[in-house]
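Student: Chain by chain, the residues run as shown.
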Amino acid sequence: MIVALIAMEDAGFVIGSYVITFAVVGALAWRIVRRGRELAPRIDDADKYWT
Amino acid sequence: MTSPALAPEPTVSRSAGTGTHVTRLLGIATIVMIGWTAAFGLLFSPADRNQGDSVRIMYVHVPTVWTAYLAFTVTALCSASYLFRKKHSLGFDRVAGASAEIGVVFMALTLVTGMLWGRLTWGVYWEWDARLTTTALLFVSYIGYLAVRGLGGTHHQRAKRSAVVGLLIVLEIPLVHWSVKLWRSLHQEASVLDTDGDIDLDGLMLFSLFVGVVAFTLLYVWLVLHRSRTMAMEDLLEDQGLDEALAARRAEAVMS
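Chains A and B are the protein sequences, given in the same order.
Under the working numbering, think of the first position of the first sequence as 1, with each following residue one higher.
Under the working numbering, think of the first position of the second sequence as 1001, with each following residue one higher.
Hints are computed from structural coordinates only; laboratory data are not their basis.
Here the structure is a predicted model, which means the values were calculated and not measured.
No false leads were slipped in.
Distance ranges between label pairs, derived from CB positions:
no., chain 1, residue 1, chain 2, residue 2, range
1, B, Thr1020, A, Ala11, 37 to 43 Å
2, B, Thr1020, A, Val3, 38 to 44 Å
3, A, Val3, B, Trp1178, 41 to 47 Å
4, B, Glu1234, A, Met1, 41 to 47 Å
5, A, Glu9, B, Gly1035, 21 to 27 Å
6, B, His1155, A, Val3, 54 to 60 Å
No residue lacks a Cβ here, since even glycine has one placed at the ideal position from N, Cα and C.
Please take these sequences and the hints and turn them into a complete structure.
Tutor: Laid out in structure tokens, this is it:
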């Protein structure tokens, strides 16, 4: 599987586009979840409409 | 960390953050679909006869632009709901803001993956072509929208002015989409959402694209749910901080 990926034409560009995309959305998701966890203890549960 | 200045009587919190059972299930489904996107895009789908393996970039490029369009459309719909409904609910404003933030990130990814594809196909990373230029303009417009949201004032002032901007700049989306028809463009025309209704894609290529679109749509929903809840908490803490500052000022005035 890895050999097939490396053997791909312009593998650096193709794999790079996937790595950039998944890394950026992963970082965004992590940042949003972390911020939520940071704020949640400071808010009464009654004010969290999703609980 | 608990801040005594903002939360004088902290209560024991049942929830650790912004997650619920629904978001957890959605998160798992998203991770699985993202895995399938990578597998189909990089391994299972065939190389294109003309583009070669660079066509694989399309399986992330197209879903990112789809998600950005979706996010900006949701921003506009929520902006309209805030402005025109009798009850000017800040919930709509928060979803609009959360959606725009996420849309900007996806639009940035669209530009980056498009540049990588352009380098392989056209030989250059960037060309001041109609589609590329209008897309860059759309990206900058939504950065402006986020800047307008950060100008300050009350929550309703923020909501009203950003809703007006959100409704105006969404009109750029049709311009971007049809730019390849309106002007002579290097960028290819739509292969799936074309006006003639023809789908110019091989079955497995179309399926790979479909998997990517579903994965990124699920991801978008998951991100908006979490971000809008975080925004609700930020607004609440801001209100609490303001109330306490006013109370402290009144107490000072009484003392003097």
